[in-house]
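Visitor: As given, the protein sequences belong to chains V and B, one line each in that order. So the first sequence is numbered by this note's numbering: it starts at 1 and just counts up by one. So the second sequence is numbered by this note's numbering: it starts at 1 and just counts up by one.
It should be emphasised that the hints constitute simulated quantities derived from the structure, not laboratory data. Don't take each hint at face value.
List of simulated lysine-lysine pairs, DSS-like, C-alpha gap at most 27 Å [stated by the list, open to error]:
| id | chain 1 | residue 1 | chain 2 | residue 2 |
| --- | --- | --- | --- | --- |
| 1 | V | Lys73 | V | Lys9 |
| 2 | V | Lys65 | V | Lys22 |
| 3 | B | Lys57 | V | Lys95 |
| 4 | B | Lys9 | V | Lys9 |
| 5 | V | Lys95 | B | Lys9 |
| 6 | B | Lys71 | V | Lys95 |
| 7 | V | Lys73 | V | Lys22 |
Nothing here was measured: the structure is a model prediction, and the numbers come from that model.
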Amino acid sequence: AQRVTQPEKLLSVFKGAPVELKCNYSYSGSPELFWYVQYSRQRLQLLLRHISRESIKGFTADLNKGETSFHLKKPFAQEEDSAMYYCALRQGAQKLVFGQGTRLTINP
Amino acid sequence: NAGVTQTPKFQVLKTGQSMTLQCAQDMNHNSMYWYRQDPGMGLRLIYYSASEGTTDKGEVPNGYNVSRLNKREFSLRLESAAPSQTSVYFCASSGGGVGANVLTFGAGSRLTVL
Chain V
1 AQRVTQPEKL LSVFKGAPVE LKCNYSYSGS PELFWYVQYS RQRLQLLLRH ISRESIKGFT
61 ADLNKGETSF HLKKPFAQEE DSAMYYCALR QGAQKLVFGQ GTRLTINP
Chain B
1 NAGVTQTPKF QVLKTGQSMT LQCAQDMNHN SMYWYRQDPG MGLRLIYYSA SEGTTDKGEV
61 PNGYNVSRLN KREFSLRLES AAPSQTSVYF CASSGGGVGA NVLTFGAGSR LTVL
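Produce the entire structure from the sequences given, and follow the hints as far as they go.
Guide: Structure below.
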């Protein structure tokens, strides 16, 4: 079954420290993966997608097909990065399946 | 440009009552979705509509029905609410082309079933 796993429900790091949010997936075909973010009192929104190969707000994510992972990384965390992060996998032509989410807290 | 609009934002129901969550998008998107968000469970797809006139079940469709009224509107109905349906519900939409599978979400509807 196609599945997305985010092993950490909660992650707390200090400002300026590196941050890595883990995402593992199971998918038999060619995966298309996304990271969505929900800041406090804001709507859930796309952060980045692997096919874009871009850095958004200092975050990057590399698709590792060998390890079936799509971890989200940022070298220096900022307080405004505190949010709920969801990894998502395209399932079929029109559906996304989401992971359980990781709540990231950046401590000052 | 409103994007995706959901109503109501909050609702409290008693077990067995029915209600409909409304969703409308003004981006001319073909696909629309209903998700529920529960602590520790992430976002789970209830139903989706790939295009006007079609609807399909997601991961957790039991206890829900949907209607794709037209291209803009996609409603979610609870015929007989149960406490297990206490959740935050999100409507989303997506377009085609490079925007395919890039979801635009509504603000959410918090439902409590007593």
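Visitor: Compare the structure with the hints numbered earlier in the document and write down the numbers of the violated ones, lowest to highest.
Guide: none
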